[in-house]
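From first to last, the protein sequence lines are chains A and B. Just so you know, we're using the working numbering here: the first sequence kicks off at 1 and counts up by one. Just so you know, we're using the working numbering here: the second sequence kicks off at 1 and counts up by one.
None of these hints come from the bench; they were simulated from the model. We put the beta carbon where it would ideally sit given N, CA and C, even for glycine. Any given hint could turn out to be false.
Claimed, not checked - In the DSS-like style, the derived pairs of lysine-lysine whose C-alpha atoms are separated by at most 25 angstroms in a straight line are:
id	chain 1	residue 1	chain 2	residue 2
1	A	LYS2	A	LYS61
2	A	LYS61	A	LYS34
3	A	LYS10	A	LYS61
4	B	LYS118	A	LYS40
5	A	LYS34	B	LYS109
6	A	LYS40	A	LYS10
7	A	LYS34	A	LYS2
8	A	LYS10	B	LYS34
9	A	LYS61	B	LYS34
10	A	LYS40	A	LYS61
Claimed, not checked - Sample of chain A residues facing chain B (criterion: CB under 7 angstroms; computed from the structure):
id	residue
11	VAL21
12	VAL41
13	ALA50
Said to hold, decoys possible - Ranges of calculated distance between the beta carbons of each label pair, as one might list FRET restraints:
id	chain 1	residue 1	chain 2	residue 2	range
14	B	VAL19	A	ALA27	40 to 50 angstroms
15	B	ASP169	A	GLN52	43 to 53 angstroms
16	A	ALA57	B	HIS2	51 to 61 angstroms
17	A	LYS61	B	ASP37	39 to 49 angstroms
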Amino acid sequence: MKATVHIMLKTGVLDPQGEAVRHALGALGFSGVKGVRQGKVIELDLDDGASQSDVEAMCEKLLANTVIESYSVEMG
Amino acid sequence: MHAAVVVFPGSNCDRDLAVAFEAAGAQVSMVWHKDTDLPAGVDVVGIPGGFSFGDYLRCGAIAANSPICRAVADLAQAGGYVLGICNGFQVLTETGLLPGVLLRNAGLKYICKTVGLKVETSQSAYTEGYNAGDVIDIPIAHHDGNYFAEPDTLARLQGEDLVAFSYTDNPNGAQADIAGILSPNRRVLGMMPHPERAADTAHGGTDGQALFRALAGALIKA
């Protein structure tokens with residue numbers, strides 16, 4: 001079974017890479033982009049029967065740094 | 001003083017750190033990341049700079065979960081000394097031995113230059129060779145040195161005199177100009193600048209020497 005983990009910087013944590021992308025979009029003529037936040041998507045291929053709480057434990061231990069990042073888990 | 005220097009795939013300051021420890025009079029053992037135990041009798045562990053595991057996932061994240069880091073955490077929790085420099089500082093924040101995190105530099109650029117560091121406290125085995133308020137010249141070389149912590153953590157670091165070094169001219173956006181911090185028992189130091197690169201006249205600067213000498217002095221006394 002599959003699980004997908006979305007990891008984003010928490011609100012209030014400066015995202016200099018997102019800011020650079022926003023500037024680059026502006027320079028290319030895409031107007032009206034008020035903000036860009038860049039995150040990560042991690043796809044996991046798991047044994048059948050893995051639970052959401054298993055994946056959340058992986059996020060807490062390794063996949064996300066909860067000092068600065070929030071995560072969400074999608075099963076299936 | 002017996003120092004162990006941890007080597008990860010992608011470490012690149014491990015031998016420089018070993019040379020700096022040796023110059024201060026230490027016996028040095030190099031320790032591979034897959035080892036599960038530190039050599040017997042180790043007084044201090046050095047976690048060197050570099051790009052452990054290619055900075056994959058987050059800087060220091062994979063290294064922090066390596067077998068040797070469990071032994072390093074045990075040593076720190078038992079009151080041992082741990083010095084993390086650059087990537088080593090990132091590893092220490094990822095293990096939770098030090099609070100906060102190192103974000104991408106605010107200007108997005110990798111910065112490699114000598115910077116001014118203010119010694120914020122002389123109250124540690126690492127910094128007692130300096131006077132609080134001294135400004136020393138130490139090189140930095142990093143892409144992710146922008147120290148970030150929650151406001152209450154920052155207040156605690158400052159209130160408990162746990163900021164070891166701050167930048168005189170903040171190069172990377174670090175909160176409160178923080179370049180290095182101590183653990184509450186003052187025995188774990190993480191810093192982005194590289195004192196081991198300013199520890200020999202051939203380096204062009206020797207302001208880092210006092211850190212290694214003070215540490216050796218403290219550990220030999222102990």
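For this session: Kindly indicate which numbered hints from before are broken by the structure, ordering the numbers from low to high.
Result: Checked against the structure, the hints that fail are numbers 2, 4, 7, 8, 11, 12, 13, 16 and 17, while the rest are satisfied.
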